[in-house]
Amino acid sequence: MIYLRHISFSPRSGPGPEPDLEAYPFTVPSLGGFDEMEITTPVTFFVGENGSGKSTLLEAVALAARLPPATGAPLEHDETLDPVRPLARALRLGWRPRTHYGFFLRAEDFFNFARETRRRAESMDEMAERFKDDPRVRGYMFAQKQALTSRYGEDLHAMSHGESFLKFFQTRCVPGGLYLIDEPEAALSPQRQLAFLSLMKALVEEGAAQFIVATHSPLLLAYPGARLLCFDDGRLVETAYDDLPHVQLTRNFLANPERFLRGL
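Letter 180 of the sequence shown, counting from 1, is numbered 174 in this note's numbering, and no numbers are missing.
Keep in mind the hints are simulated off the structure, nothing from the lab.
Every value quoted in this text rests on a predicted model; they were computed, and no experiment measured them.
Errors might be hidden in some of the hints.
[To be verified] What follows is a set of in silico ranges between Cβ atoms, one per label pair, in the way DEER data are often shown:
1. 199 with 17: 38 to 44 Å
2. 256 with 184: 40 to 46 Å
3. 231 with 165: 32 to 38 Å
Ideal Cβ positions, reconstructed from N, Cα and C, are used throughout, including at glycine.
Hey, can you work out the whole structure from these sequences and the hints?
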């Protein structure tokens, strides 16, 4: 299913002051020339080098779509997104139909969430022990921890990054959602990346979900039928999988690693 079908740049029609097109993020080459984008597949990948603009555009779309974060404070209160707010205000999104399900997730936010989940569980244990003679408090803390455990497992932080990320994703995704994910491979080994692809495929085919993912990973980029938008060379260009620089470099390295390592 495709919910978000069109993204366009219209800096002079949004609320608030007119954006300074000579300031960041409009000075990022691939974004400076951005006009509009049609989204034609349920899975779309943004790919490019660090600083190419792929994550910046993904963040701006999340703000413009008013998606909730998968973790942490609401996006409107997230200070780390302040630099991209002018771009978000200049974007116009076209929906058919509009969905109110889904979320925005950055891999680094997930790591913080896993640590916070463990801290909350430990705090509940401490409160239950402190008020062990008060059955009401002890019972309340036990119920809260059980709810946390039933949703996310015994301890997200104790699992490997890949295991906890997949567990989190499985528990938070619902049918009919739009999911914007920034560099999920940071939490996933190659094997876990394949498991993540399988999970995405099931959600798309059985749950009518839509994904827009910013990534460097050749494994994730191999998702069947996905549209690949490359942000390199100061442009935003639809690119075939075999023509992606990330894929070509990885293949060349694996074919002859000694050639790449000889000069180190």
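Structure-based check of each hint:
no.: 1; hint: 199 with 17: 38 to 44 Å; result: holds (42 Å)
no.: 2; hint: 256 with 184: 40 to 46 Å; result: violated (25 Å)
no.: 3; hint: 231 with 165: 32 to 38 Å; result: holds (36 Å)
The structure is inconsistent with hint 2 alone, although it conforms to all the rest.
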